[in-house]
Amino acid sequence: MKISEIRDLLDAKVKAGEELLDHEVASACCSDMMSDVLAYVKDQGVLITGLVNPQVIRTANMMDMVCVVFARSKTPTEEMIELAKESDIAVMCTAKRAFEASGILYMAGLSRNIED
Amino acid sequence: MSEILKFHFDIDGSDFSSAGAASVMVKKKLRQLSYDPEIIRKVSIAMYEGEINMVIHANGGTADVEIHDEEIIIILSDNGPGIADVELAMQEGYSTARDSIRNLGFGAGMGFPNMKKYTDHLQVDTALGVGTTVTMKVKL
Chain A
3 MKISEIRDLL DAKVKAGEEL LDHEVASACC SDMMSDVLAY VKDQGVLITG LVNPQVIRTA
63 NMMDMVCVVF ARSKTPTEEM IELAKESDIA VMCTAKRAFE ASGILYMAGL SRNIED
Chain B
62 MSEILKFHFD IDGSDFSSAG AASVMVKKKL RQLSYDPEII RKVSIAMYEG EINMVIHANG
122 GTADVEIHDE EIIIILSDNG PGIADVELAM QEGYSTARDS IRNLGFGAGM GFPNMKKYTD
182 HLQVDTALGV GTTVTMKVKL
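Those protein sequences? They're chains A and B, same order as listed. According to my numbering, numbering within the first sequence proceeds without interruption in unit steps and concludes at 118. According to my numbering, numbering within the second sequence proceeds without interruption in unit steps and concludes at 201.
Extracted from the complex, chain A is given alone in its bound form:
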């Protein structure tokens, strides 16, 4: 799935990484606990979260993720947007809740052909 499709499916607003919209991603994870993301995530390109602080972007960077989706209209700070740009991470905001956003992306095929 292209990052642009995620934007369309979630009716999301892109805050950083317009140039990354053609990038393909195969899987996603949804968490507010960055410790868990660091512990359990592997090869997942998208992070869906309701947590807003610079550590979200740094954690995504550490895990080689390419897209962060902020759920429930949470808005990243300028500092976070700058960090994301430096790290080549697309950032978008959706009004949908994290559970709903995850469900929509899952039904559209994200993360469904990945074997654990």
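Check each hint, because a few of them may be wrong.
Here are the simulated DSS-like pairs of lysine-lysine, each with C-alpha atoms no more than 30 Å apart in a straight line [said to hold, decoys possible]: (1) A:17 to A:4; (2) A:44 to B:200; (3) B:198 to A:44; (4) B:198 to B:90.
If you're looking for bench data, these hints aren't it; they were derived computationally from the structure.
Following the hints, position chain B against chain A.
Quick look at chain B alone, frame taken from chain A:
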């Protein structure tokens, strides 16, 4: 490459929002030096966890990264309270972090287990009231 590359960072413990900045920089450097992505991933995640730990528990400290021919060594030193029971701290899910830290997305008790998971060698030297030095090695 026979020369050892060294990087030194002072980790500011007063500002949680800047925690992890040194690890991001190390990751960038390793990418510029064209190391294997899996190696970069291991080094940067382990260092990031350690850096966050230093900010949460020890009011910051120093981070030194040495790139040798056969391994990358990460040394994190602080003058914090020390760790009373290292074995317990190594257990998944054990954490002494405050709720305010959990609200920031950390403190799930995965720091040390993760550092162990992503490195080939992890040594913790600690003394109560004196501080902690964590040495991690990742083989190249």
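Evaluation of the provided hints:
no.	hint	result
1	A:17 to A:4	holds, 17 Å
2	A:44 to B:200	holds, 20 Å
3	B:198 to A:44	holds, 21 Å
4	B:198 to B:90	holds, 17 Å
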